[in-house]
Amino acid sequence: MKKTHKRSSANLNQTSHYNAQPSVATRLRERYTLEQNSKGSLGQGTNLRGLSRRQVLKGLLGGVGVQLALPQLELFSAPAFAQSASQAQPFFGLFYWANGTPWHAAHGGQQAQAGHPDLWTPNDVGQNYSFSPLINPLARHQVSVITGLEPHTEIPGTPAGQGDGHMRGFMVALTGDRPQPETFDHSSHTLTALRATLDQVVARHPDFYQENPLYRSLEVGVSEARFHGYGHWNAISYNGPNSQNLPILDPGVLYDRLFNVSVDTSELDRRSAVLDAVLTEAQQLNSYLGQNDRIRLEAHLEHLYALQSRLSASQQACEAPLVGNYSGDLINKTRVMGDLIATAIRCGLTRCFSLQLTSPASTHIFSNLSVPDGMHKTCHDGHWERVRSITQYQMEAFASFLDAFAEPDASGMSLLDQGLIYGTSEYGEGWKHSVKELPVLMAGTAGGRLRSQVHVRSAGGNLCTAQLSALRALGLPIESFGWNGANTSDTFGELFA
Amino acid sequence: MKVFRFTFGVLVLLCSLYACEDARRVSLTESSSVNMMTDLIAGEEVVGETAENAGEVLGGETAIDVSQLQDLVPGPPVWSRLTQSQYRNMVSDILGLDSSDLDLEPDTNPYLFTSIGSGSSSVSAFGVELYAEAAFILAERYFASDMNVQLTTGCLPNTVDDGCADQLIRTLGLRLYRRPLSESEFGRWQALAQLSATSRRQEDQLKGLENVLAAMLQSPFVLYRLEQGMASLDDEIHHYTDLELASRLAFTLQDSAPDQELLNLALEGRLKENNVLEAQIDRLLNTERAKASINAFFAQYLDLSRLKRVERDPSVYEGFTPSLLNAMETEVRLLVNDLVYRRDTDIRLLFSEKKAYLNQTLADHYGISLEQGSPIIFESLALPEDTVRVGFLGTAAFLTMNAHPTETSPTLRGKYIRERLLCQEVPPPPDDIDLNLEPETGEASTLRERLERHREDPACAGCHSFIDPPGFLFERFDSVGRYRESVNGITLDASGDLDGVPMSNLGDLAQHLAQDSRLSTCMVRQVYRFALGRLEEEGEESEILRLHEKFRAQGFRFKALIKALLMSDGFRQVGPSTELNNDNSFNSDE
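These protein sequence lines map, in sequence, to chains A and B. Take the first sequence: its position 114, counting from 1, is numbered 114 in my numbering, and each next residue is one higher. Take the second sequence: its position 42, counting from 1, is numbered 539 in my numbering, and each next residue is one higher.
The hints are simulated quantities; they were obtained by calculation from the structure and are not laboratory data. Keep in mind that this is a model prediction, so the values were computed, not measured. Any given hint might turn out to be false.
[To be verified] Below, simulated SDA-like cross-link-like pairs (lysine to any residue); rule was C-alpha separation at most 25 Å, straight line:
{"#": "1", "chain 1": "B", "residue 1": "Lys704", "chain 2": "B", "residue 2": "Leu801"}
{"#": "2", "chain 1": "B", "residue 1": "Lys805", "chain 2": "A", "residue 2": "Ser272"}
{"#": "3", "chain 1": "A", "residue 1": "Lys377", "chain 2": "B", "residue 2": "Thr943"}
{"#": "4", "chain 1": "B", "residue 1": "Lys805", "chain 2": "A", "residue 2": "Asp264"}
{"#": "5", "chain 1": "B", "residue 1": "Lys704", "chain 2": "A", "residue 2": "Asp269"}
{"#": "6", "chain 1": "A", "residue 1": "Lys377", "chain 2": "B", "residue 2": "Pro872"}
{"#": "7", "chain 1": "B", "residue 1": "Lys704", "chain 2": "A", "residue 2": "Asp264"}
{"#": "8", "chain 1": "A", "residue 1": "Lys377", "chain 2": "B", "residue 2": "Arg809"}
{"#": "9", "chain 1": "B", "residue 1": "Lys1047", "chain 2": "B", "residue 2": "Gln565"}
{"#": "10", "chain 1": "B", "residue 1": "Lys805", "chain 2": "A", "residue 2": "Pro372"}
{"#": "11", "chain 1": "B", "residue 1": "Lys704", "chain 2": "A", "residue 2": "Thr280"}
{"#": "12", "chain 1": "B", "residue 1": "Lys805", "chain 2": "A", "residue 2": "Thr265"}
{"#": "13", "chain 1": "B", "residue 1": "Lys1060", "chain 2": "B", "residue 2": "Glu1033"}
{"#": "14", "chain 1": "B", "residue 1": "Lys788", "chain 2": "B", "residue 2": "Asp990"}
{"#": "15", "chain 1": "B", "residue 1": "Lys704", "chain 2": "A", "residue 2": "Ser272"}
{"#": "16", "chain 1": "A", "residue 1": "Lys377", "chain 2": "B", "residue 2": "Lys788"}
{"#": "17", "chain 1": "B", "residue 1": "Lys1060", "chain 2": "B", "residue 2": "Glu1046"}
[To be verified] Rough simulated footprint, nothing fancy, chain A against chain B, three-plus residues with beta-carbon under 8 Å:
{"#": "18", "region": "601-614"}
{"#": "19", "region": "617-627"}
{"#": "20", "region": "714-727"}
{"#": "21", "region": "828-834"}
{"#": "22", "region": "901-913"}
C-beta atoms are modelled at their ideal positions from N, C-alpha and C, and glycine is treated no differently.
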């Protein structure tokens, strides 16, 4: 067995291949055409970097209810296209919680034998349905709920374990497809998405952003507990295989990223010149890379262009949020994150986000609810009553998050009138990992496209129908959604106004 | 060592004041008291003692005939982005700057290793923002003191285009890019310096150079390692170039960019010479950085990061604190360091030796008395022949991270042995199976009895009879690794077996595992993945066996394995990219 492989003799050619393939980068550059002249409208030389809130907020992590009222700062960045709620394009948010709902008969035979009531599914269907006990915390936001759904995605037998409730579930619930089979490894729980998650389907759709956004999307997380340290478990937002958008877990970091930006024009000019040089150089790399690595390079370039376009975007006043009473309690932290995200949307910094309350298969210990074990084990041990109280708590956190979007502006409109926040989890229940009755909630009316407080019952229905309904509610012309047996072009008509 | 002697005095005093209690289970042996103080202190380990034994200590494995193995088919190149620690070490080594206060995107670790994550994961938008932020801040810090520039070049530029400025750009370029800048690159950085130097005043001229550094620190040529190899004229096999080899050695062994000595040898075209390479590996192996790298390998291979996420209720587990978790992790690090560096001996002893490294916190936890306990200093203790704790599997680290907050888990512990230590595949539970063990009915039943039911159910028996029996051997260690004989008045049965070999306790398992060639082969496989930043390809299986044979022949000394790996064709040769054919190999000479 001699001889290994052959390569083109071009490898021996000593001539340079610099500047060989401008294509990808050039395309990207055209997409992010800069508007340098708009910089002139900025106020002179005020550098707000010294006003970092980060250390202050960081100091509160895990602290006990220290009251923190930040002064409102008058000058913060916002693009010229920030609009009032009534005129604005819809925004999209993804809200994720772990470990589904408490099990009941519709989840399967064994679950039926356990004899616990269904506290999730409302008793009646249609608009103005009566809230069930577990959805009741969200009543004030008139959320819609779709029940009975399950993934119709087929799962290959090898490599083994792809049917695993958490891994399959979290990919299916967020992408409408299974995990990528060739990189799946159950032993180290290595997995990645085959394609973009719902938030990125939206954020990257050519019709979603009419103008280049300052932030294509924001990724935020609340609980830091992880079933695995493996990076791929830390994100619920994926651009594609091995391209995860890790959530920001520290409100101070999020605050700094969004609101603590320099408005010193000479500094912005300087950074722009530096980024120009970096981009020119980065484009040279493309021709040396294989296909997968080119995708990685493209992602890097895209983010550099986005960074540069932010430096040169025109800015106007934006009121930074008041962040108060951050104690480290999950509900409390969720609300703080909600305030920051809602402000970012109001200021036109972004129109897309994901919030991961708890991570897939969360090991979060809800000691505040007198639950001694991590949530994942609590589910597996069959502690139904504990899972019930955890689910209720997570719904209270969701409601508290939505509070940040519910305040009406001068015209009487709230962000919830303008957008859609899609709530889901990785499977129906965590005791036996049943993917039946996978929960889906929708909050907001997406600029009048959706009705509020609707219960749609679709027993055994295709989960992708709910996902496609959400995408259509945003006005995206997406014909069908779902892969590997789950493709559908149906939506739930009852949801739409 | 001053700190150390001082502490010694204090400890002796303390010990005489509070007459040390007798050990409940273990007493200090003579040798351990002699040894005790030669060991570590946080950040001040003692190294370089004579190797205790160059030959095999444990025995148990037989040679294989490597001539029967197939030739290597080198695997594809990996385009790795620097890990967090590599970036920080590079900045420290080349610019002399601390970056620990600057956030970077967290690494990912598919298949356990950050090196694999760095070769496959895309950076996120926020990650690129963090790079930019760090680059501007670090460039500012670097130019805040003329001393930094002087240290790099021996001169201070007056203008962006004087000889000293040129030298600065070229020197920073060489170090950060791990190769000389091409002329067009150099021209680009000169142009940027001129563009951003707003006046002829020296400080503004330096500002122009500061921008060059800020840009370099964001260049994908710096943040990613482009290593593609090149065919030599008389051979179709692609070898990594001298400069690429310098990078590979440095990032693997130093977790940082190559130093000037490596670069010089590479530029002279001498690094590929075996004797030069060997001498360099020897040089690098005996650095603090190499120690940290090897520690990082063991932490990832043994999946120790899970320990950081362990939560226990202190009202149930008295004394359970973050410092206890830290001590658990430190103990493993010291056991590894002892075998790899202090004694340079058979690494398989990690699993079978009756030895512990304890500070007061961990000693209290184990119920072992120390003559001179300290919260900071870890003492090396030889445990008695009949100790219940043997090797890594007897450490609180292993026992705690493979248990639940409310009960132990023979399943998790057994699964760990199968997957982590033996590189075996444990099939996941079938879909839609009853994963639940019936809750205790009526009288108290032990976890073991409940788990036995798994083995009666044919749907579960296949796997649980594979993973549970070795796991039962740990039943006398609770969820935080404390020893116990009974639970609720029921004496715990801690017998079990591995592949049908009956065993009565952890000691039996430890002895067996340490001489099991599956364990040492698994370790080689994992080091191979760690160093190459990807899973092995089929054509590399033979290389793993060849490395294992070298490992065996050299007494399973871990440093010998590392050296063999870094000298091996698997590490020095490269196959074609698995995807698109790319005809362009990088070459800095334009």
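Now for the hints, and whether the structure bears them out:
1. B:Lys704 to B:Leu801: violated, 44 Å
2. B:Lys805 to A:Ser272: violated, 40 Å
3. A:Lys377 to B:Thr943: Status holds; Cα separation ~18 Å.
4. B:Lys805 to A:Asp264: With a Cα-Cα distance of about 41 Å, the restraint between Lys805 (chain B) and Asp264 (chain A) is violated, given a limit of 25 Å.
5. B:Lys704 to A:Asp269: holds, 13 Å
6. A:Lys377 to B:Pro872: violated, 33 Å
7. B:Lys704 to A:Asp264: holds, 16 Å
8. A:Lys377 to B:Arg809: holds, 13 Å
9. B:Lys1047 to B:Gln565: holds, 15 Å
10. B:Lys805 to A:Pro372: Given that 25 Å is the threshold and the Cα spacing comes to 18 Å, the pair holds.
11. B:Lys704 to A:Thr280: Within the cut-off at roughly 21 Å; holds.
12. B:Lys805 to A:Thr265: Not OK: Lys805 (chain B) and Thr265 (chain A) at ~44 Å, beyond 25 Å, violated.
13. B:Lys1060 to B:Glu1033: Status holds; Cα separation ~18 Å.
14. B:Lys788 to B:Asp990: violated, 40 Å
15. B:Lys704 to A:Ser272: holds, 15 Å
16. A:Lys377 to B:Lys788: violated, 37 Å
17. B:Lys1060 to B:Glu1046: holds, 13 Å
18. 601-614: With 9 residues closer than 8 Å to chain A, the region 601-614 of chain B meets the three-residue bar; holds.
19. 617-627: holds (count 10)
20. 714-727: n = 8 at 8 Å, threshold three: holds.
21. 828-834: violated (count 0)
22. 901-913: holds (count 3)
Of the hints listed earlier, those the structure fails to meet are numbers 1, 2, 4, 6, 12, 14, 16 and 21, in rising order.
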